[in-house]
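Enquirer: Here the protein sequences line up with chains A and B, keeping their order. Per this note's numbering, the very first residue in the first sequence carries number 179; after that it's consecutive. Per this note's numbering, the very first residue in the second sequence carries number 5; after that it's consecutive.
Any given hint could be a false lead.
[Claimed, not checked] In silico EDC-like cross-links for lysine to aspartate or glutamate, where the CA-CA straight-line distance does not exceed 20 Å:
#1 A/342 to B/51
#2 A/342 to A/391
#3 B/37 to A/291
#4 B/139 to A/291
[Claimed, not checked] Among chain A residues calculated to face chain B with C-beta under 7 Å, some are:
#5 247
#6 248
#7 250
#8 251
#9 252
#10 254
#11 255
#12 258
#13 260
#14 331
#15 332
#16 333
#17 347
#18 353
#19 356
#20 390
Hints listed in this document are in silico derivations from the structure and should not be mistaken for laboratory results. Just so you know, even glycine gets a beta-carbon here, dropped at the ideal spot from N, CA and C.
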Amino acid sequence: MTTPLTQVDDLRSELAAAGASGTWYWDIPTDTLHVDAKFAELYGIDFEESRSGVPTRTFFRAIHPDDRARIRIAVAGILAGAEVFSKEFRVVAPDGTTMWLHGRGQCDFDDQEQPVRFTGVLVDVTERKRTEERLRIAQSAGGVGTFEYIDGYATATVSEEFCKLLGLYPALVLPTQTINGVTCPGQEPLIPGPRREDMPTTLEGTFEILRSDDHEHRWITRRGEIFREGSGYRLVGVIYDVTHAKQQEAALRDLNDTLESRIEQESAVRRAAEEALRQSQKIEAIGQLTGGIAHDFNNLLMAISSSLELLKKRLPQDDPQIVRLIDNAQQGAHRGAALTQRMLAFARRQDLNPVLVDVADLLRGMMDLIQRTLGPAWHVECDFGDNIPPVLADANQLEMAILNLAVNARDSMPDGGPIRISAEQQQEIAAGDVTDLDAGDYVVLRVIDRGEGMDEKVLSRAMEPFFTTKGVGKGTGLGLSMIHGLARQLGGSFTLTSQPKQGTIASLWLPAANVAAANPEIDAPRNAQNSLECLTILAVDDDPLILLNTAAMLEDLGHRVLEAASPHEALILFEQYPEIDLVMTDQAMPGMTGTQLAARIEVIRPNVPMILATGYGELPEGMRATVVKLGKPFNQSALESAISEAISRFRH
Amino acid sequence: MIPQHVVLSELERDALTEIVNIGVSRAASNLRKMIGDQVYLSVPSIDVVSQRRAARLISEREVSELVAVRQGFTGAFAGRALLIFPETNSLDLVRAVTGNELTTQEVIDIEQEALAETGNVILNSCLATMANMLKQSLSMSIPEVVRGSGSNLFEVDEQSETEGLVLFLYIDFAVRSRDIRGYIAMIMDLPALASLKALLEDFIARVVGDDA
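For reference, chain A alone in the conformation it holds in the complex (with noise of 0.2 Å):
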């Protein structure tokens, strides 16, 4: 009969390759323990005092009181029967230091199924916990799970994070069924099936997942090694969350797809803010070259129409065929004069007189004028809402706008029909609301038709000068333009709204007059009182016709005239003829404008009244307040006035 320790000792030689491995065993009879030089080197116990055994109890003094009574559990469990004992556990060494023991034993029974003997191993596995410690805080912390797997088997060795990533209920063994379940139709599975014979090549692999717990699509990548093992092979990886990656990669592609139909999208946006800033700028160039032509226009109008006067005057006025003649001249010349004042409207340089009116009492005054104008088959509705303040207009024109604008309404109701006008106070309209607009009040003026309408194209050309619908002769096409031009001078603005067959929305705004600032006294009332003396009168003009002309009606008045062709001409002479009681200068010349004359004429001499003769609506900055100014067109009378007034700016 072999006594224990010579088993023991038998033991100590088989596993003494093991290496760093105790081995105990445990005598149940006697209730003793037999150990080996390992055993006790980890244990911390005397081996030489050991040799005969020691109490049972020995086996668990050592161990880390958190861990003992789990330990006598599981060696209770081995006793009564359980297979194996595989156990982890700390033991505190004397000096103090821990470290892990593995446990690995087994119980052998008699034949009355009593047990005899406790025998095992015990092996220092400090290292190994260190490593599935940092094993474990890799993998939670980089969210990376891992998986074994070895062929035919229904079951694969996972990892706490990797049931995490896949939404399953943690453990340490799932069937490979329940892993493959979570993959999104049509994937390869996750981990090969039991009944797959070939070994795969590679665990390269990325999958589309819906994950269990809260049924999110993810994206998970798998990466590995295949070991090959006899007949069979074993699987080794792990898996990670790819999903933010994929989603970045979709969206950039997504970017690329769509890349062209944004450049498609942005271009036709730039393309219609290039149409619409073309548009612009050809009303702006057709603006410039009609008040370009309309000056050089009004000029020899002038020309006519002065020499005309002062023709006039001069033939015998007892032919009534004469008469009748210049008359006519006359006449055409005044309606030259007028086309000409629609086309510096357009242009915005007309000249106004704005005061403050009260829109609706200008209304209600007119609707007799647009009643008869219209004709009685058209009923003109009138709308004014209380409370409108007053709008700075030049009355004169602001009449004609709305009569121009009637008549178009009219015209797009060749049958007949209501006209509705209406004027309200529009508060706090914010920039860009209306185009053209700034923020601030306004005063809509309407003229609603339900006539014939205009389609996209006619209304984007509406404004357009000499643009119209009317046909050869019926209409210059300066209408709207001309309402357009008024409105932007005024710092409102003209709006169109129409469709075919539903008729037109006409609405010119105007900025509500600020009451107390405006100045009601526009014009100071004219000295129209004649002066019968004879002045000497330095005229300056660059166009000969003109200089000709003014120099003749002003001798005519039974003035002295001096006639500069150039302002340096002017200078030339002011300075020569201190006598000089008068300036009457063009403000259009080349080097030097009329304003920047009348600066010079200043500085030689102070207090020399000045007349300022200009086609252009607004005063140039800078310009003198003793300085009159006069429109051209100007005849004789209006000439006089000027003089009149420019001298008695200076007698007070």
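Once you have looked at the hints, place chain B on chain A.
Expert: Just chain B now, with coordinates in the frame of chain A:
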């Protein structure tokens, strides 16, 4: 929610795991003898969960219908024990325990009986061991084979407001070369779980003694 008085402490869970481990070891060795092939049994993990949760745990893992061998037990603690496996495994298991010698028709013919017998062996090993370790006696009823979803097996009653609890033991048993796996579950009501917990406390006191 699981009432606090039946929640197992860490040590009680260890003790129960160890006890079940012994039972499973016995069951495995019995099964090994029947099948003559390697049988792998995982270390059991134990949870007390609601019946609904148990049903979800099973259906998360198994997409097909399930087969279970069910046995009632009475004694110091009472309840029903279940050996559960996917229905698709059922014939494989029968084939495994009958040694591949039967025709498909014969396997189908004896399926019910073979399953009941196999389940009886495994469940008996487990329960008898538990009773033995806890120094109690249990009597077991005749096994029955039931089929259905996780909800059917765990008798989830959607109408009921109070839910029964399940002592859910994951014991994956896998047989090499065959796609066979299964689970063991014990359905117990609150008083039964409280009794089990008390018995576990006794067991721990006995085994651990002064160290606890």
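Enquirer: The structure should be examined with respect to each hint, and the outcome stated for every one.
Expert: Okay, the hints, checked on the actual structure:
A hinted pair counts as satisfied when its Cα atoms are at most 20 Å apart, and residue 342 of chain A with residue 51 of chain B qualifies at roughly 18 Å. Restraint check: the Cα-Cα separation between residue 342 of chain A and residue 391 of chain A comes to about 9 Å, which is no more than 20 Å; the hinted pair holds. Proximity of residue 37 of chain B to residue 291 of chain A is assessed by CA-CA distance (about 18 Å); at most 20 Å being required, the pair is judged to hold. Between the alpha carbons of residue 139 of chain B and residue 291 of chain A the distance comes to roughly 17 Å, so the proposed pair stays at or under 20 Å and holds.
Interface restraint check: residue 247 of chain A against chain B, minimum CB-CB distance 5 Å, threshold 7 Å, status holds. For the restraint placing residue 248 of chain A at the interface with chain B, the shortest Cβ-Cβ distance is roughly 5 Å, inside the 7 Å limit, so the hint holds. Hint status for residue 250 of chain A: holds, given a least beta-carbon distance of 5 Å to chain B, under 7 Å. Below 7 Å, beta-carbon pairs count as interface contacts, and residue 251 of chain A has one with chain B at about 5 Å; its hint therefore holds.
Contact between residue 252 of chain A and chain B, as hinted, is supported at the beta carbon level, the nearest pair being about 6 Å apart and thus within 7 Å. Checking residue 254 of chain A against chain B: minimum C-beta separation of about 4 Å stays under 7 Å; hint holds. Checking residue 255 of chain A against chain B by beta carbon gives a least distance of about 4 Å; that is within 7 Å, so the hint holds. Of the supplied interface hints, the one on residue 258 of chain A holds, with its beta-carbon coming within about 6 Å of a beta-carbon of chain B, less than 7 Å.
The criterion of a C-beta within 7 Å of any C-beta in chain B is met by residue 260 of chain A, whose closest approach is roughly 4 Å, and the hint holds. For residue 331 of chain A, the interface hint holds, the least distance from its beta-carbon to any beta-carbon of chain B being 5 Å, beneath 7 Å. Because the closest C-beta pair between residue 332 of chain A and chain B is about 4 Å apart, less than 7 Å, the hint holds. Hint on residue 333 of chain A holds. Least Cβ distance to chain B is approximately 5 Å, under the 7 Å limit.
Nearest Cβ of chain B to the Cβ of residue 347 of chain A: about 6 Å, under the 7 Å cut. The hint holds. Taking 7 Å as the C-beta cut-off, the interface hint given for residue 353 of chain A holds, the closest approach to chain B being about 5 Å. About 4 Å separates the beta-carbon of residue 356 of chain A from the nearest beta-carbon of chain B, less than 7 Å, and the hint is met. Hint status for residue 390 of chain A relative to chain B: holds, with the closest Cβ pair at about 6 Å, below 7 Å.
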